[in-house]
Amino acid sequence: MNYGNLIRIAIRALANNKFRGFLTMLGIIIGVASVISMLAIGQGSKRSIREQISEMGSNMIMIRPGNGKFGGVRQSASSMQTLKLEDFEAITRDVSLIDKATPMVNSSGQIIYGANNAPTSVYGINQDYLDIRKFSVDQGEMFTEHDIKTAAKVCVVGQTVVNNLFTKGEDPLGKTIRFKSTPFRIIGVLTPKGYNSMGQDQDDMILAPYTTIQKRILAITYINGIEASAISEEASEEAIEEISAILRQNHKLAPGDEADFHVRSQEELSSMLSTTTDLMTVLLACIAGISLLVGGIGIMNIMYVSVTERTREIGLRMSIGAKGRHILFQFLIEAVIISVTGGIIGVILGIGSSLIIKYGIGWPVYVQVYSVVLSFLVCTITGIFFGWYPAQKASRLNPIDAIRYE
Amino acid sequence: MTNDIIRIENLRRDFTVGSEIVHALRGVSFSIRAGEFVTIMGTSGSGKSTLLNILGCLDTPTSGDYFLDGIAVRDMGKNDRATLRNRKIGFVFQSYNLLPKTTALENVELPLLYNPAFSAKERKEKALEALEAVGLKDRINHRSNQMSGGQQQRVAIARAIVNDPVILLADEATGNLDTRTSFEILTLFQRLHAEGRTIIFVTHNPEIAQFCSRNIVLRDGHITEDKINPNVASARKALEALPKEEEETGTIEN
Chain A
1 MNYGNLIRIA
11 IRALANNKFR
21 GFLTMLGIII
31 GVASVISMLA
41 IGQGSKRSIR
51 EQISEMGSNM
61 IMIRPGNGKF
71 GGVRQSASSM
81 QTLKLEDFEA
91 ITRDVSLIDK
101 ATPMVNSSGQ
111 IIYGANNAPT
121 SVYGINQDYL
131 DIRKFSVDQG
141 EMFTEHDIKT
151 AAKVCVVGQT
161 VVNNLFTKGE
171 DPLGKTIRFK
181 STPFRIIGVL
191 TPKGYNSMGQ
201 DQDDMILAPY
211 TTIQKRILAI
221 TYINGIEASA
231 ISEEASEEAI
241 EEISAILRQN
251 HKLAPGDEAD
261 FHVRSQEELS
271 SMLSTTTDLM
281 TVLLACIAGI
291 SLLVGGIGIM
301 NIMYVSVTER
311 TREIGLRMSI
321 GAKGRHILFQ
331 FLIEAVIISV
341 TGGIIGVILG
351 IGSSLIIKYG
361 IGWPVYVQVY
371 SVVLSFLVCT
381 ITGIFFGWYP
391 AQKASRLNPI
401 DAIRYE
Chain B
1 MTNDIIRIEN
11 LRRDFTVGSE
21 IVHALRGVSF
31 SIRAGEFVTI
41 MGTSGSGKST
51 LLNILGCLDT
61 PTSGDYFLDG
71 IAVRDMGKND
81 RATLRNRKIG
91 FVFQSYNLLP
101 KTTALENVEL
111 PLLYNPAFSA
121 KERKEKALEA
131 LEAVGLKDRI
141 NHRSNQMSGG
151 QQQRVAIARA
161 IVNDPVILLA
171 DEATGNLDTR
181 TSFEILTLFQ
191 RLHAEGRTII
201 FVTHNPEIAQ
211 FCSRNIVLRD
221 GHITEDKINP
231 NVASARKALE
241 ALPKEEEETG
251 TIEN
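Quick mapping for you: the protein sequence lines, in order, are chains A and B. According to my numbering, the first sequence is numbered sequentially starting from 1. According to my numbering, the second sequence is numbered sequentially starting from 1.
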């Protein structure tokens, strides 16, 4: 049999029932469009979180005291004092995969300038911190190695701090602010970075030499953490292993002992955060998938009705020489044409609505090629699958009964 | 015996209805030669529909032999019979059975769509030829729902002859038409017969017998009468004898 003729027959049959064909298609159109746009929304929010995390720093590795198991158990104060400056020195000396590293001590409280005061966080770090966290100094300059050695009372402040303290628009450079009754001279102002994905103001902070904070403010011998950056993203995992090994050795932990510190990479952080968006994406895809399924059942329903409605037509076709498989193919081709056309319209509509959401509402939306291909394939397969049964039924009709069917 | 189009021998067809066996045909034998115009008559339940189904290769006999144009049909499978119907048989039904919302031309082309031997161009030529033969040359692009019953039946006849069948099977072809249109259709059949086609006309209406060359009467699954009609009446004259009324569109020219 000439399949071109069967396709022509199917197209003629569909053309005679344009409205019915369109209604059938509607299910598929809505299904495909919603799968594409839902996945685009899910993927968009995932990407935006990843982007924000990578803005936080480059290939960051965070080392913190304690074993990092939260929830339920309050960790003893002594377990939070396990990181020492020697650990930082050992890491910078021995871990080859580390590009930059800084010890970190932090404190928070009111800062005072003249009649103004504001709560903020103070981080005691070295100069590498700027590169690790992708900060830069806008005005003035960063403190130096010499300032660290001498525990100089200098600081670099974020834009929010400037806004809070210098309400009259004075130049903050060279001014002295007080934190916990210690005066700090402002030598630089950071370039504003804005809020991060967790809603923290990244400009509301003060950076000072770690020696100054450790000795003059907190009077402690331990440090609150170490921040480092790996030489590349791929090296992160290996760097973490090296760091862990060195720290375990320094802390004289026997194999099997629980670590008194924990090391996290930026990727870990981002994958932790993407778990939520992944879940959301799956949920959205499920909803969209169900609508696609409903669309498929719509095809089956219409095809089924149309087989009954066209029983006489089928009987006639058989009596003038159509074989069972010709009827089968005719109905299958009709189902495929409906689902493929519906799929194409659905793809256009899905991409279109994603763009509307992106530029109209401003949500982060990202249309992936795979979601387009996947939903299109699924809809075609759904169409064939649900078209098969009625088509099979049509092809098995007895021409004698069919031709006289009332 | 060489120009026997149809030869059936001791044809039987039984149906099982529930636990009972119904004998629709109880041993029917006859031959139809090329160029005959035969009526098969009988009341309902006489077995004429069953016989028509078998002659039309839609059904197979329980026993007995059926040769269509020299081909033994009895042992053929479904698909082979479909092909046989496509090449050798033209059906005309009581209720026309045209595809809805489809033009006359497309309806007539339909049997050739199932025959890969024809190209689109040949298909159209053949269909136009057939439509011309039934006097509907000016109606080729009319859709089936835009035509009268008589016109629809003529489209159906054109569809039946488009594949040059060896036999034309008409099943109560005038059953749904008024007297005038019935005579018009019969006139058309007589002309097709005169052009050399073999026609079997199945009907319960005894009036039709006078226009045919041979009459077979079935009753309770047996042939009760099979005789040649020596004085075939002209359907055209019968048509002319009818009281004059508005001439229907689409005239038949002889």
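Bear in mind the hints are in silico, worked out from the structure with no lab data behind them. Each hint should be verified, as a subset may be incorrect.
[To be verified] Listed next, the in silico DSBU-like pairs over lysine-lysine satisfying Cα-Cα at most 35 Å (straight line):
id: 1; chain 1: A; residue 1: K393; chain 2: B; residue 2: K88
id: 2; chain 1: A; residue 1: K393; chain 2: B; residue 2: K78
id: 3; chain 1: B; residue 1: K126; chain 2: A; residue 2: K393
id: 4; chain 1: A; residue 1: K175; chain 2: A; residue 2: K149
id: 5; chain 1: A; residue 1: K18; chain 2: B; residue 2: K101
Taking the hints in turn, this is what the structure says about them:
A C-alpha spacing of about 27 Å is found between K393 of chain A and K88 of chain B, which places the hinted pair at or below 35 Å, so the restraint holds. Proximity of K393 of chain A to K78 of chain B is assessed by CA-CA distance (about 16 Å); at most 35 Å being required, the pair is judged to hold. Between K126 of chain B and K393 of chain A the alpha-carbon distance is near 33 Å, which keeps this suggested pair within the 35 Å criterion. Between the alpha carbons of K175 of chain A and K149 of chain A the distance comes to roughly 22 Å, so the proposed pair stays at or under 35 Å and holds.
Annotation: proposed proximity of K18 of chain A to K101 of chain B holds, straight-line Cα distance about 12 Å (limit 35 Å).
Consistency with the previously given hints is maintained throughout, with no hint failing.
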